[in-house]
Amino acid sequence: MIKGMLFLAFAILSEVFGTTMLKLSDGFTNLWPTMGVGIGFLSAFLFMSFALKTIPLSMAYATWSGIGTALTAVIGMMIFQEHADLMKIMGLSLVIGGIVLLNISQEKEASGGS
Amino acid sequence: MTYLLLFVSITLEVFGSTMLKVSNGFTRLLPVLGVAVGYGLSFYLVSLVLRALPLGVVYATWSGLGTILTVAAGVVFFKERINRKGLLGIALLIIGLVLINLSE
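Protein chains in written order, with my numbering: chain A, 1 to 114; chain B, 1 to 104.
I should point out that these hints are in silico values taken from the structure, not numbers from a laboratory. Zero decoy hints are in this set.
Listed next, with one range per pair, are the computed distances between beta-carbon atoms:
hint, chain 1, residue 1, chain 2, residue 2, range
1, B, Ala91, A, Leu31, 41 to 51 angstroms
2, A, Asn30, B, Phe7, 20 to 30 angstroms
3, A, Ile39, B, Leu48, 14 to 24 angstroms
4, B, Ala72, A, Ile89, 23 to 33 angstroms
5, B, Ile94, A, Asp85, 13 to 23 angstroms
6, B, Leu30, A, Ile39, 24 to 34 angstroms
7, A, Thr29, B, Ala36, 17 to 27 angstroms
8, B, Phe78, A, Ser49, 13 to 23 angstroms
To give an idea of the chain A side of the interface with chain B (calculated C-beta under 10 angstroms), a few residues:
hint, residue
9, Ser25
10, Ser65
11, Thr72
12, Val74
13, Ile75
14, Met87
15, Ser105
16, Gln106
Think of the CB as a built atom: it goes at the ideal place given N, C-alpha and C, for glycine as much as any other residue.
With the rest of the complex left out, here is chain A (with noise of 0.2 angstroms):
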């Protein structure tokens, strides 16, 4: 379970680094940030299917993009001088809240009915 969580966590960075690339790349023109989102998304995925041996599917997913929102949210403000006010920050806030509750409510769905 631990080393579960050390694959998803290093498979959430592995995203987040693909995603960062995904807007330096500029449509997929500048070289090297889109050789980055390849590898970046390539070892998110290799990652993941690591960390899905021991970790629910829906728990799995519901850390990664509530994660994944967040940092890259933060990245976003930090790095590209994207604005953050109270709506934004709002919003975000129950962006993650909902894709974390959409995704648990998957799961004890799938493990309690058919």
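Assemble the complex: chain A is given as a structure, and chain B must be docked to it using the hints.
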């Protein structure tokens, strides 16, 4: 126009992840091609969207709307069911996405 591109890219991503499920662990050719084409095009379109919209907003919209559509695809195509907690999650997501995009 940018929002149209974003919406198409989200739809392609949901198509890709639905094909991932249908591909049955990468053992069926056509769904595997669907995964590659779906994700490839989706990433390209997002990179275009990111030229015009902030990273934080695009990512939140992409993963939020993507999650809603993936659940909807599960309900429509794979007869999965949605409970009260899931509906509450969708409501929070929609309010949050509207707030984020209005804040721009």
